[in-house]
Every structure is written in C-alpha cells, then in structure tokens.
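As you go down the protein sequences, you meet chains A and B in turn.
In terms of our numbering, the first sequence opens at residue 1 and continues consecutively.
In terms of our numbering, the second sequence opens at residue 1001 and continues consecutively.
These aren't lab readings, by the way, just hints derived from the structure by calculation.
Errors might be hidden in some of the hints.
Unchecked claim - EDC-like, lysine to aspartate or glutamate: derived pairs with alpha carbons at most 20 angstroms apart:
| no. | chain 1 | residue 1 | chain 2 | residue 2 |
| --- | --- | --- | --- | --- |
| 1 | A | Lys10 | B | Glu1153 |
| 2 | A | Lys4 | A | Asp35 |
| 3 | B | Lys1076 | B | Asp1123 |
| 4 | A | Lys40 | B | Glu1145 |
| 5 | A | Lys19 | B | Glu1145 |
| 6 | A | Lys10 | B | Glu1152 |
| 7 | A | Lys40 | B | Asp1056 |
| 8 | A | Lys63 | B | Asp1056 |
| 9 | A | Lys10 | B | Glu1145 |
| 10 | A | Lys10 | B | Asp1151 |
| 11 | B | Lys1076 | B | Glu1194 |
| 12 | B | Lys1071 | A | Asp64 |
| 13 | A | Lys63 | B | Asp1151 |
| 14 | A | Lys2 | A | Glu43 |
| 15 | A | Lys6 | B | Asp1056 |
| 16 | B | Lys1138 | B | Asp1123 |
| 17 | B | Lys1133 | B | Glu1145 |
Note that the structure is predicted; figures quoted are calculated from it, not measured.
Given next are the chains, with one letter for each unit.
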Amino acid sequence: MKAKIKITLKNGVLDPQGKAIEGAVKGLGISGVGDVRQGKYIEVDLSETDPTKAKAIVEQMCKDLLANTVIENYSYEIG
Amino acid sequence: MLRASVIVFPGSNCDRDVETAITRVTGFAPKMVWHGDASVPASDVIVLPGGFSYGDYLRCGAMAAHSPIMKDVIAKANAGTPVIGICNGFQVLCEAGLLPGALLRNASLHFICRDVFLKVENDTSFFTKCYRKDEVIKVPIAHGEGNYFADEETLNRLEGEGRVAFRYSDADGNVSAETCPNGAQRNIAGITNETGRVLGMMPHPERLYENALGGTDGRRVFESILLSTLEAA
Chain A
1 MKAKIKITLK NGVLDPQGKA IEGAVKGLGI SGVGDVRQGK YIEVDLSETD PTKAKAIVEQ
61 MCKDLLANTV IENYSYEIG
Chain B
1001 MLRASVIVFP GSNCDRDVET AITRVTGFAP KMVWHGDASV PASDVIVLPG GFSYGDYLRC
1061 GAMAAHSPIM KDVIAKANAG TPVIGICNGF QVLCEAGLLP GALLRNASLH FICRDVFLKV
1121 ENDTSFFTKC YRKDEVIKVP IAHGEGNYFA DEETLNRLEG EGRVAFRYSD ADGNVSAETC
1181 PNGAQRNIAG ITNETGRVLG MMPHPERLYE NALGGTDGRR VFESILLSTL EAA
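Chain A on its own, in the form it takes in the complex:
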C-alpha cells in the first residue's frame, strides 16, 4: 500500500515562503490570485496490507516525525 501524506501549516501560522510565492505568481501577471500557502507532500510505501493497521502506522509516523503538530496539520490517503 502507499500512503500519500499532505502537511500544511496551521491557520494563523505565518508562512513567509507562501507570501513570497504569492508575490512571484502575481509578478507573472496572472490575475485572480489570492492567499498562497506552501506545504509538503510525502509518499510512503507500506508493506502492510490491512487498511486499519496501515492507518495506525501512518498516524504514528505523522504525529511522531513527519508533521510538527504545534505548527502543522496533516492529512493522508492510503491506497
């Protein structure tokens, strides 16, 4: 199975990289661009085949390492 994990900064946490990207995108002359937030995308191959067990494994890796829950949220799909 493969876990596809998205990590994003929580609302209210300053994202200066997102702001810089926003400025650059607007600099391209593209109109209609609002707030830009940058995050991370991580793919993990899993040997586990049971979806419930795989979910528990992914939860643990997200909480313990992949995301810092002081500043970040995470979400994932397993398939």
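Start from chain A and add chain B according to the hints.
Leaving out everything else, chain B in the frame of chain A:
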C-alpha cells in the same frame, strides 16, 4: 570539576566552537558524544550545538530529535540533568518536546548573521544566573529559522512563569517589533523549561566569550554553568 557533554550530529558545525568556549571559560574540556551512541556519559550539563543537523531535512531539528542519542538526552533531562540547546540545538529541543513551541522560517525569509542586542529576562536559572535581570548584552545570531512560535496560552504561561530567558531588544533594552530580527513572537530569543534546567536560545554565546572574538557577553552562560554545577556539588 565540570563534566560537560557536547552532542555531535551529522551537520553540526558549532560543536567545536562550544567545545572550545567551555574549555577556555571553565577550564574543563567537554566530552564530544556522537549522535549514534546509545547513551550520554554521566554529565553535569549536556549541550546541543548549533549547525544544520541532517541538513535541516524535513524541518530544522526534526531528524536530530529522533536520533539514537536523544532517547538518553530526554531521559536525563527529565531526570534533572541540565541541557542547553543553541541555535539548531534550540530547534532540536523544541522538536524533541523538551521545550514548547517551534522555530519557523524568519519573517524576512533571509538568513541573518549579525550581532543583536538581547535583554536578559531571567537571571536565576542554571544557565543565566551570572547575568543581571534587565541588562542588555550583545551576542551574534546566525540562522534562517529562528522565528519563535507558540500559541497564546503557551506564550502567556512562559511569561507568567519567568521562563523567557532573553528577548531581542535595542542597545537600550527597548523591546519592540523593530528590534526583533526574525519575527519571533514577543521578541523571544531564548526560553527555559519549568525547572529552568533546560534552556534553548537562538543566539550564539559561544561566539563571544573573550575579547579576541570581539566581545565577552556570551561568556557568562558558561560561567553560569560552572557556578551552578559547583554550587550543587
């Protein structure tokens, strides 16, 4: 006698600076301990040095916080061994859960390497007792991610419990948004844990401990370590 241990991670680059500072200021050379070791020798103080452990992969300090040696560092810290994290070491302490909050990318997005003024807020902790409250010192910073973040409740608790050790200020001790180099909340440059025996700070005291280096304002961190250790002996 001072038994200090400096943890060396792959990518640490201030480990030998802090080794030299401890040796020159206290007269006792620290042990250098590799991150892959399972345990830290019995120590009066453990130092997590500055640098770019694991190349800052994932988040600054995130990988180092899970390296083999950290299990014992956390256990010893929880048992009362003093631990200081400088710059990347501060980031590691936050990632390891020994200090609250996190260090974000500087608000300006720039890596900042220059001397800054700090207002001393806490002059009673293990690491700061040789300073005087409200005095202003000058110590360099060198980081891209020193923007201290914590939720309001945590910030209020840190302030209420006297756990803010240093704040970014001007030369007269004024603390404002203008005197904050990196966007850190409430100008926080360094904090301690509940007992004052774990300190994390972004500025580098090991870079200014004798006049040949341009100043001595960082020296008293190491004098505090020695004094606190001798007092407890």
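We went through each hint and held it up to the structure:
no., hint, in the structure
1, Lys10/A / Glu1153/B, "16 angstroms, holds"
2, Lys4/A / Asp35/A, "24 angstroms, violated"
3, Lys1076/B / Asp1123/B, "24 angstroms, violated"
4, Lys40/A / Glu1145/B, "17 angstroms, holds"
5, Lys19/A / Glu1145/B, "16 angstroms, holds"
6, Lys10/A / Glu1152/B, "14 angstroms, holds"
7, Lys40/A / Asp1056/B, "14 angstroms, holds"
8, Lys63/A / Asp1056/B, "19 angstroms, holds"
9, Lys10/A / Glu1145/B, "17 angstroms, holds"
10, Lys10/A / Asp1151/B, "11 angstroms, holds"
11, Lys1076/B / Glu1194/B, "15 angstroms, holds"
12, Lys1071/B / Asp64/A, "13 angstroms, holds"
13, Lys63/A / Asp1151/B, "18 angstroms, holds"
14, Lys2/A / Glu43/A, "7 angstroms, holds"
15, Lys6/A / Asp1056/B, "19 angstroms, holds"
16, Lys1138/B / Asp1123/B, "16 angstroms, holds"
17, Lys1133/B / Glu1145/B, "27 angstroms, violated"
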